[in-house]
Amino acid sequence: GAGVSQSPRYKVAKRGQDVALRCDPISGHVSLFWYQQALGQGPEFLTYFQNEAQLDKSGLPSDRFFAERPEGSVSTLKIQRTQQEDSAVYLCASSFGSRTGELFFGEGSRLTVL
Amino acid sequence: AQKITQTQPGMFVQEKEAVTLDCTYDTSDQSYGLFWYKQPSSGEMIFLIYQGSYDEQNATEGRYSLNFQKARKSANLVISASQLGDSAMYFCAMREQETSGSRLTFGEGTQLTVNP
Chain A
1 GAGVSQSPRY KVAKRGQDVA LRCDPISGHV SLFWYQQALG QGPEFLTYFQ
51 NEAQLDKSGL PSDRFFAERP EGSVSTLKIQ RTQQEDSAVY LCASSFGSRT
101 GELFFGEGSR LTVL
Chain B
1 AQKITQTQPG MFVQEKEAVT LDCTYDTSDQ SYGLFWYKQP SSGEMIFLIY
51 QGSYDEQNAT EGRYSLNFQK ARKSANLVIS ASQLGDSAMY FCAMREQETS
101 GSRLTFGEGT QLTVNP
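Protein chains in written order, with the numbering used here: chain A, 1 to 114; chain B, 1 to 116.
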């Protein structure tokens, strides 16, 4: 497809389980971002990649969160030992470095931790 | 301190009327960009409009226009001739020169409801 693709769209995990969320950005987009969006709030930055290099991970809330983009295209956000406060929508966005720098978002992965 | 403030949690407008969604921002950068995104119930964030801090003209994109008042640090979104499909969450966002890549900082959003 032409847009940013995320999977799974919905994930229910028991507290303590590990989860992996996948993002397939728009082909050719160098920059990739992960955001966390809690219910009723705006997206909060988690981490940023330029190609395969993770240039900023200052938004990751704890060391249980890990992201990778080994070949500079598909990215995976992994959350270890999930907690209830991890319940949120995880949005992936990509950008090709235009003058305006707008981000193109996927539909998100909604994580519910029981 | 909040970098992006949207003071209207919810707004209502009649179909075909115009509506203004408020956004104020806080930055010490001279070069920055301001964005508006729409998020329908499906969840995808849809880019609407962009305003650069050095752009002299207010941005317009179809029925969307951005009322940029630099001295007041405000970037209000104006939607003209509202349609039922405009009902959604609207987010104002900013990109600062010193932040990495094209990272955006978002406000908390305004829920717009268009009534028939």
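Hints in this document: simulated from the structure, not taken from any laboratory.
Be aware that a few hints might be false.
Stated by the list, open to error - Residues from chain B shown here face chain A by an in silico Cβ test under 7 Å; the list is partial:
#1 Gly10
#2 Glu44
#3 Phe47
#4 Leu48
#5 Tyr50
#6 Arg63
#7 Phe91
#8 Glu108
#9 Gly109
Glycine included, each C-beta is placed from N, C-alpha and C at the ideal position.
Going back to the hint list, which numbers does this structure go against? 1, 4 and 6
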